[in-house]
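**Q** These protein sequences, in sequence, are chains A and B.
-17 is the number of the first residue of the first sequence in the numbering used here; add one for each residue after it.
-17 is the number of the first residue of the second sequence in the numbering used here; add one for each residue after it.
These are calculated hints, taken from the structure and not from any lab test.
The beta carbon of each residue, even a glycine, is placed where N, CA and C say it ideally should be.
It is possible that part of the hints are untrue.
What the hints assert, rightly or not - Derived Cβ-Cβ restraints for the label pairs, each shown as a range: (1) B:Thr287 with A:Lys320: 52 to 60 Å; (2) A:Val260 with B:Ala241: 53 to 61 Å; (3) B:Ala392 with A:Tyr285: 28 to 36 Å; (4) A:Lys389 with B:Glu56: 51 to 59 Å.
There are 2 protein chains.
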Amino acid sequence: MSLRIQPISGFPEFLPEQQIAINRAVDVIRATYESFGFVPIETPAVERTEVLLAKGIAEKEVYGLRRVQEDGAEDSAKELALRFDLTVPLARYVAQHYGKLRFPFRRYQIQPVWRGERAQAGRYRQFVQCDIDVIGDETLSLEYDAEIPAVIFQLFRRLGIGKFTIRINNRKILTGLFQSVGLADDVAVRAALNVVDDLEKIGAGKVLHKLGELGLAAEQAERILHFFDTKGSNDEILAQLKAMEVNAAFAEGVAELEAVVRSAPDHVLPRLDDGELVDVTDERALFPDYFKIDLSIARGLDYYTGTVYETRLDDFPQVGSICSGGRYDDLVGTFVDKTFPGVGISIGLTRLMSRLFDAGIVTPEAAAIAPVLVTVQDRNALPAYKELAARLRRTGIATEVFLDDRKLKAQLRYADRRGFPIVIIASPEELDAGQVVVKNMRYNQEDRVAIAQIGPVVRSLIPVGFE
Amino acid sequence: MSLRIQPISGFPEFLPEQQIAINRAVDVIRATYESFGFVPIETPAVERTEVLLAKGIAEKEVYGLRRVQEDGAEDSAKELALRFDLTVPLARYVAQHYGKLRFPFRRYQIQPVWRGERAQAGRYRQFVQCDIDVIGDETLSLEYDAEIPAVIFQLFRRLGIGKFTIRINNRKILTGLFQSVGLADDVAVRAALNVVDDLEKIGAGKVLHKLGELGLAAEQAERILHFFDTKGSNDEILAQLKAMEVNAAFAEGVAELEAVVRSAPDHVLPRLDDGELVDVTDERALFPDYFKIDLSIARGLDYYTGTVYETRLDDFPQVGSICSGGRYDDLVGTFVDKTFPGVGISIGLTRLMSRLFDAGIVTPEAAAIAPVLVTVQDRNALPAYKELAARLRRTGIATEVFLDDRKLKAQLRYADRRGFPIVIIASPEELDAGQVVVKNMRYNQEDRVAIAQIGPVVRSLIPVGFE
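Given these sequences and hints, build the entire structure.
**A** If you want it as structure tokens, here you go:
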């Protein structure tokens, strides 16, 4: 009897060729994070339910655990629930291991999170997040806020997924602005931030209406909306902001934003002409085109208190923000009587890769991870075919041997369907003579090569995308 | 108010320096798997509960999901449960995506699994497994069984965790033997296999007693026990086995074991003297010392039907098997009306690394992933310090800048505690003159270096273990 296999809605799963592309992206993300000194941590999939709910997430989105077999006894699994982000676990981790960590603590974490959302197109119940955060012990220099855009810039440049824009703002500017029109308490300001965050999506008319609902007079709402007309280059926007006299919070936000915007490019390498790095691209000259102040960025639902970031693909705005984050005054405070300010970003990897696949920006071609398949023409000579593969592996070239007993034609069909770029074919006589045929599958070209020189020849044929 | 932070029993969590060591091990495992052509897949953390339980795992060990917020409505989350191994998800994956996969399907999967076991020393409720399997469509050559030991050999040789032994056996030999003494049905044979599997742990006396409990006469039990005295080199054991006349199943097992043992070394590279690889170690000459027939290996509780493997560290037998697996006639059959034979192994990574840490075989030293820390002596020159770090990154050297406003002494203490091997120190005057001091922390040695040549100098100082 066979069970019917039905995919589980909201829990995405990929074919090998897609997983290979995803893993390559993770390698780039991880290497970039590490290049800035971020260290890896992983936390268990579960946290205590009370720890998770302390941060005010919607209870209905949290998956709890239970024993499948209910035996009447108290089920201690019910005290545990799956994490819904990587930030709460980080806060708990810092509080728990405080004495063994050094601050500023830079950590990266690439793990799945779970959210019991109503499943709908593009919404996942399980997805991988790639987070970095720098956590200070009591204080943390604004300089760390300025380093993050350089990390984002280098990461997506390396991923090669097209032109993108890192948009930056400071929540204090918006908070100051809203306070200046009489939205005094945090709840009202937060509600207004949410409205503003939707400006691009819902348009000016609806924003005015919604601000009215929050108790703002029409004139005040117009004043808010007018503020978001502040446009131009980063320098132009900063000049306009500095000319506005609003209140202390506003001025503080402007000063922070200016410091971060001025300081960020220093982390990106300019073209140098001093011998060592003559030929490098001038990344710093490119950077300004990728890094823009956008006063409408609010990250309304999050706990950010200062700098906020969003990143979008210029040619695929429908993909939405592919990397968001910001500065928070105190993350861990729920758990210990100490202040831990931090700044960080998160990349929603599963959503990003799905959208890149859907939009055709990333097209997984090969379901092969090894570039070479050694076919077996005569099973009596199997040891020689296997040794050939072992030799290629030893020169650092991943190599699969076709070990099932099939005709050469079937083996070549397998190679073609899996997308192997290079196939080795040899008769026992050729092997005896120390020769094989190296077939370049993409150009349908065959070359006879001496086994003793096979390493360099095969390496020269490996296309981009294979190691 | 602060919450009390209490670790969750059975859900291990590591410090950054340990996680770095774990990730380096994963890199080696992944690279080795890929070098043999295994492709990555990942499956969701959950499967349908009915799918998981179809494979006969103890229900009480399975963690189910539920909504934390119970609102009276039917909770569809209760249809889902966390996977307890990577084999059931593989079976479901192959059945679900059959038309889009090519066979033989070689996959690797490195993901956590969850088991609701009673927490005790060394037992984890969440742990990472690193699995490979080759799945055939209806048939799968025994040659794949012979490739696995070469994968294990190269993997643990590269991990560098000391001398180990891959032990191999064939379940048909044991099944045949037990049938020959009258244990006719599967349940009895399985029970006997479990008893034999414990031979090393509980000793001959207890095994005899337990075999008696299974209904074997004393003479038959003695005969079984005597069989396990078959010792010697692989050749000697095979010669003795071939001389025994037991039954057809036994003979088939012996023939398979011989084929696999004879064929396995071909996958390992010998010393070659033909120009390209003159200087390589003769791995094939080493292999026999790492690869032994052990007739007592039964993997009693598993679903293996032919070849079985276990791997242990010679000098740390208490660590137990660090890599186990085998051949199964049909894995996926529960889900579709087709036969998918397979062979695979699993490494219990979390347990392995914990034991290696505990036994001092792996001692994580540095909590730094980047080898270089750039200190900041004068914040007015921050742009120059940051550019220096960007330059090192551009030459491929991961580099952290200390961006908080602290005295140099505090920055050096931070570098020391995090285990940075290389620290860059410079005054603004030195920076203006194009020079910095490169401090080798492990030898407490300082060198003045021109910035224009810093890449090669720093690279030459990076110790093993850093990229």
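**Q** Look at each hint and say if it fits the structure.
**A** Going down the list of hints, with the structure as the test:
no. : hint                               : result
1   : B:Thr287 with A:Lys320: 52 to 60 Å : holds (58 Å)
2   : A:Val260 with B:Ala241: 53 to 61 Å : holds (59 Å)
3   : B:Ala392 with A:Tyr285: 28 to 36 Å : holds (29 Å)
4   : A:Lys389 with B:Glu56: 51 to 59 Å  : holds (54 Å)
Hint check: no violations occur; every hint is consistent with the structure.
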